[in-house]
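Participant: One letter stands for each residue in the lines below.
Number of protein chains: 2
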Amino acid sequence: MEYTNWSIYSLNHETGKKRQSQNALFTVGNGYFGIRGFYEEDTASEAGNGGIYLAGVRSNSELGGRLFEDKRRDLCNIMNILRLHIIVDGKQINGVDNITNYRRELDMQGAVYTRCYRYDDCLDITLSRFADMVDVHRVRQDATLVADKDMELTFRALIDSDVHNLNLISREPDPVQPGLNHILSREIGTDSIVTLIDSEDDNHIFAAGQTVLTVNGVAVDGSVYTNDFVSGREWNLKLKTGDKVELRKIVAVYTDNDGTDSAQKIDEFLTSEINWDEIDAAHKNRWAERWANCDIEVDSNTDDQTALRFDLFELMCVCPTHTDRVSIGARGLAGEQYEGCVFWDNEIFQLPFFTFTDPESSRRMLAWRYHGLDVARRYAKYNWFEGAMYPWQACEKCREQTPIGGGGYYSIHIISDIAYAIRQYFLATQDSEFMFEMGAEVLMETARFWASRADYSEWDGYWHINTVRGPNEYDFYVNDNAYTNTMAALNLRTAKEILTKMETEAPEKFAKLCTKTNFSFAETEKWLAIADGLYICYDEKRKLIAEDSNYFNRRFLDMKKAKPTAKRIVDSTMNHEWLPFYQVTKQSDVATLMCLLPEKFSEAEKIAAYDFYEPRTAHDSSLSYAPYAWLGARIGKDEQAYEYFKNCAYLDIADLKLNTISGLHFANFGGTWQVAVFGFGGASFTDGKLTVDPKLPKEWNGMTYHLVYRGVNIEVKVTKTDVTVAVQGGSLPVCIAGNDTVLSDENSTITVKM
Amino acid sequence: MEYTNWSIYSLNHETGKKRQSQNALFTVGNGYFGIRGFYEEDTASEAGNGGIYLAGVRSNSELGGRLFEDKRRDLCNIMNILRLHIIVDGKQINGVDNITNYRRELDMQGAVYTRCYRYDDCLDITLSRFADMVDVHRVRQDATLVADKDMELTFRALIDSDVHNLNLISREPDPVQPGLNHILSREIGTDSIVTLIDSEDDNHIFAAGQTVLTVNGVAVDGSVYTNDFVSGREWNLKLKTGDKVELRKIVAVYTDNDGTDSAQKIDEFLTSEINWDEIDAAHKNRWAERWANCDIEVDSNTDDQTALRFDLFELMCVCPTHTDRVSIGARGLAGEQYEGCVFWDNEIFQLPFFTFTDPESSRRMLAWRYHGLDVARRYAKYNWFEGAMYPWQACEKCREQTPIGGGGYYSIHIISDIAYAIRQYFLATQDSEFMFEMGAEVLMETARFWASRADYSEWDGYWHINTVRGPNEYDFYVNDNAYTNTMAALNLRTAKEILTKMETEAPEKFAKLCTKTNFSFAETEKWLAIADGLYICYDEKRKLIAEDSNYFNRRFLDMKKAKPTAKRIVDSTMNHEWLPFYQVTKQSDVATLMCLLPEKFSEAEKIAAYDFYEPRTAHDSSLSYAPYAWLGARIGKDEQAYEYFKNCAYLDIADLKLNTISGLHFANFGGTWQVAVFGFGGASFTDGKLTVDPKLPKEWNGMTYHLVYRGVNIEVKVTKTDVTVAVQGGSLPVCIAGNDTVLSDENSTITVKM
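Protein sequence lines correspond, in order, to chains W and S.
Sequence positions in the first sequence follow the working numbering and run 1 to 754.
Sequence positions in the second sequence follow the working numbering and run 1001 to 1754.
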């Protein structure tokens, strides 16, 4: 991959899996659409099949495994709404053969993906697209073709419903099987297609296109073109050398998820007049606004600037802004792995980025969890517990999608992770309305879950949370995972605090909530007893937190032997069932905890944990590098921290996990942001005060980052010699290197020499 | 089921699965053959397909699951060597329709299975068979038909190779799939068939029959009858009312496993003269000899006598006497569940019966383990350990057949179970030849395994055996399972003791062994350190051994809620992954340990363990009742002990586990014997001395049992009032109710009033 400040681009015309992998990198989106960087004109290969996903649009799947409530949902490749047929002198171009001057580029400022090449030394082709950030139901497509000889050109701009899922989720050496076809039926209209995709909800997808084609600036009417699968326009053109053909197309998509008037909206769209330039400009403006609140400028002789921007760009592409009925899956809308399901990735890794740069988006995604509260209550009951048991792997309907036997029963830290994100959002926004309408109820029901899940042991006098799987997924289950217990304790305490606050500040809402949930403060005595009494195995001598109560007794694993290559241990040297015998941590576990709750651990404990766990961590998950980079930066492991940062920032760009093909790693993107801002940038908030204590990597001369906190826009500029904080929109206590001040619109900037 | 003293019989003409289940109960065998009680004349139904298995004759299987050394072996239904066609006036009898006066009976004294009925009110049929206990390659079949009207009878006695596996292993509600056909090719001869069944070894099965048919005592020659699948004889007879047709048939079977001269042996058999009466008499004599050494006579108004005899009978039927290259599978040769594989069932549950009644058979089966030592060494290395790691689920080639991920890695108590059985055999026989030729090497290599598997923890100062699955298979893995640790310690100590003894008593063999294995006594320091230092979680206050180091911290499980019916918990109320969260013991675990090593635990500890674990035990395995009965009997839980004994003794007869259909539960048979002899009968041996301390159930007036110990035949007769011990063949110290004496051939009997 090559880099400019605001784009990544490739000059290599990749084929096969490598192309499919790059297609994931060139994904554009707007939170409604996720569109992989496939070739619109490639009707020949599997890769040309496309890869367009809609947030929350999923279908029943035939995948195996017995499930809670028995239904598995699959992200589906809806239609190839950007299909082009380009036929030169009777020969159809597939975007692959007879190509020179190939280049594809992702412009992250304008959020446009462009691909250009010269075909057969006679036709220069430029194809671009973006997912409209203003009207998220729209996708814009442009094509420019310049003839370099006289030719007959047949050109078709279509919506193509002959697609199936890409199914790029198998790991080598497993063969990749053809993906499922989720389209149950289709109705082909003029310039439009309606498909039915979901046997559970009868969800219809309505897609329609408006197209304008000009030759040398003069519009040419196309004829209607349809067959059993496609609908669109066709032009048959006789071109002379130098002729320039330009296509502009807008596709609008609605589904039954969007309301009952989707058909009507499509009709309106088809008869509406398109102001092409305005759409373009509005989209660019919206992106500029987003970047203004979140961009990180890096002064460095590396590509880190661009890598970092790529990560933030994709996070913004996948973030739903149109509804609070969806959230972000582990691979977002950039691939099908994990069937679009939402894990703790979102609350712990991704949400902080939004909470501190676009809090409304965090609010929407936390509201989605609130809407899933009844499912979580049912799931708790199903598992013989109380309160709300949020599922480890949630489909868009918030149901557990981990197959029974897959460890969903054990992976309960997700529950306190949601509580953590609610707490973090509230601390960063003071959004009492959200808290008292939604957050408090979630906190209460998750606290009730923990109260029913923890056990007091007469045997040792502690409370225990047994038989859990912590962040380290190489354990099937352990007892008293430090991460789980600490986060559960926070969940219990936060619930008590918020409910106490709510009783005072919103007594009517509180009374209503109590009636609805049959809550009384008597319950909270047990909550606090558990929070205070949970066992955490700790080596006083070494100041070392044990990942779980038996970790210290396990056998040391020589990581050189276990992981000689980038392949995951379980894909190369060891059987999964061996792993719980060893001190092996699949992904950062205690280190993650220390990043999330740094105030709970001393510097000595952090160093001890880093030194002990780092050599025992396999990093066989994309959720591992960021916490080590972040923690490392905070405790003076400068070189390692920067190395880990590189692993985060370039994880997908360099395909470090060998599985970018199946979707981007959004948790890692969020983690990268946290490393930059909290780790290197040194921002932290305590009781409403911003502290900046930067730890710049030596490879960086400086960085500038932007935050939003309690309504105040913050810019922090760090150089090798000083730190400048500037605020806008309110007042904010700030502390830099011991210098306390309160910034406000009147006194908006402070610079401190370091 | 109905009972006489020496037989079980059924007058119910069962159909469907019930018939298939009863077919398992009517299994006869001789350690070479296992022959289910199928209907020879039923060519119509799946059940008539047969079910004849040969010890050690297995085939590559298509069953799934990645395996150590990648090959799965399947027990195979070889051929229906007893196939009959009975055609009355053109209509073929299937043994099912038009039947009256039905009765089938298993005579356990003569070891003959007989089925008789009247067909269509015109033909009385009696069919019987036995597996010859003298020449184990032979099966005898008899048929008597008495006409009650004039009729045309076509009668065929065949060997039928058109069979496939029964595949009765699925649990409800899973549908039963047709079984695999393991026959790769077949060659049909006159009165013989040779099949090829094994793609790994090219194993041929040679079967041939000799047949004599008489009508009213006059021999009638049959014509040769063959087709693509069968070979045998046909008779076309015109019978008059009262005519009696009698068939006698001997089938001989050899395989390539038996040597390279199987074809020749078949030829010899086909030309040999059969002395029918002699065969019959020799078979009966051999059985009488066996019964003399092991029978348990029960004086009681119950059916316990017969149930107990059934259990011992089937143990003898499955015991290989012809080779030391096979052992006994969990379901023996009575069904296909577990594909004929050998588990700890054999060493811990079955072998004691043989060790104390037929030690040569124990020796052979322990030798089979010795022959598997190299595989066990490879398996240890494969798993990154040293020494010999015997597989949890061993095919006839001693390879691990537990699929990877199925817990074979954790289920390592099998290794010390083998060492325990070797030690027990040696204590009971003083067979130094076996010990120094084979046993010592196994003990050494298994000790080495434990030395490489145990970890010393600086953290708590103990040795640990982590990440194991103990007898309680509802745990995926635990740490420091008390059973595993105690048995491993014994293994380590026994190895040291035996090697020390060997150095003195067989210095040349010892030197050879040291060279072969690179052994020196320096290794044993670590062995003893581990044996002394292994952690066992123990509640001093309650005198309670913890099943594992976390059992006390788990949540109590209400067994009424978890197991409302006889169905296994995991088949009814709970998902398997929930179980490690609860104090739930699938099958006796600590109780089993206390039975095996009673001297290591105080009476108080045994009572504490019984009272604590008994309500926590689901008995979701057939290996659970016997230890509770045995331990219960020893500690005064008389009524419960007897209840548990009934569960053992009648487990298959009453189909208590709902899965007798897929084979008999041989471990339970062995367990039942131990309950009777060690539990109720109160026999125990310490340093060569027999102690008898009976605990008769109140339902029994008395019992007599027989043992062989260090070459001495022992009879113990217990009544409500006194105990009589008689010996034959040597001298034996005996202690009854504190009365010590030495019995010998001169002074062979003692009676003590209790």
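These are computed hints drawn from the structure, not numbers from a lab.
Among the clues, some could well be false.
[To be verified] In silico lysine to any residue, SDA-like type, Cα no more than 25 Å apart, as pairs:
1) W:LYS381 with S:LYS1561
2) S:LYS1526 with S:SER1452
3) W:LYS71 with S:ASN1575
4) W:LYS543 with W:GLN430
5) S:LYS1149 with S:ASP1221
6) W:LYS561 with S:ASN1094
7) W:LYS563 with S:SER1223
8) W:LYS240 with W:ASN227
9) W:LYS563 with S:ASN1094
10) W:LYS560 with S:GLU1386
11) S:LYS1541 with W:ASP460
12) W:LYS381 with S:LYS1567
13) S:LYS1717 with S:ASP1221
14) W:LYS567 with S:PHE1385
15) S:LYS1240 with S:ASN1094
16) S:LYS1381 with W:ARG616
17) W:LYS244 with W:ASP324
[Unchecked claim] With the Cβ distance kept under 8 Å, some of the chain S side facing chain W (calculated, not the full set):
18) ARG1248
19) TYR1409
20) TRP1578
21) PRO1580
22) GLN1583
23) ALA1608
Quick caveat: nothing in here was measured; it's all calculated off a predicted structure.
Where is the CB? At the ideal position from N, CA and C, for every residue including glycine.
Participant: Does each hint hold? Answer for all of them.
Facilitator: Hints and how they fare:
| no. | hint | result |
| --- | --- | --- |
| 1 | W:LYS381 with S:LYS1561 | 14 Å, holds |
| 2 | S:LYS1526 with S:SER1452 | 10 Å, holds |
| 3 | W:LYS71 with S:ASN1575 | 17 Å, holds |
| 4 | W:LYS543 with W:GLN430 | 35 Å, violated |
| 5 | S:LYS1149 with S:ASP1221 | 23 Å, holds |
| 6 | W:LYS561 with S:ASN1094 | 63 Å, violated |
| 7 | W:LYS563 with S:SER1223 | 70 Å, violated |
| 8 | W:LYS240 with W:ASN227 | 30 Å, violated |
| 9 | W:LYS563 with S:ASN1094 | 62 Å, violated |
| 10 | W:LYS560 with S:GLU1386 | 20 Å, holds |
| 11 | S:LYS1541 with W:ASP460 | 13 Å, holds |
| 12 | W:LYS381 with S:LYS1567 | 22 Å, holds |
| 13 | S:LYS1717 with S:ASP1221 | 54 Å, violated |
| 14 | W:LYS567 with S:PHE1385 | 23 Å, holds |
| 15 | S:LYS1240 with S:ASN1094 | 22 Å, holds |
| 16 | S:LYS1381 with W:ARG616 | 23 Å, holds |
| 17 | W:LYS244 with W:ASP324 | 44 Å, violated |
| 18 | ARG1248 | 54 Å, violated |
| 19 | TYR1409 | 5 Å, holds |
| 20 | TRP1578 | 6 Å, holds |
| 21 | PRO1580 | 5 Å, holds |
| 22 | GLN1583 | 10 Å, violated |
| 23 | ALA1608 | 14 Å, violated |
In summary, the structure is inconsistent with hints 4, 6, 7, 8, 9, 13, 17, 18, 22 and 23 from the numbered list given earlier, while agreeing with the others.
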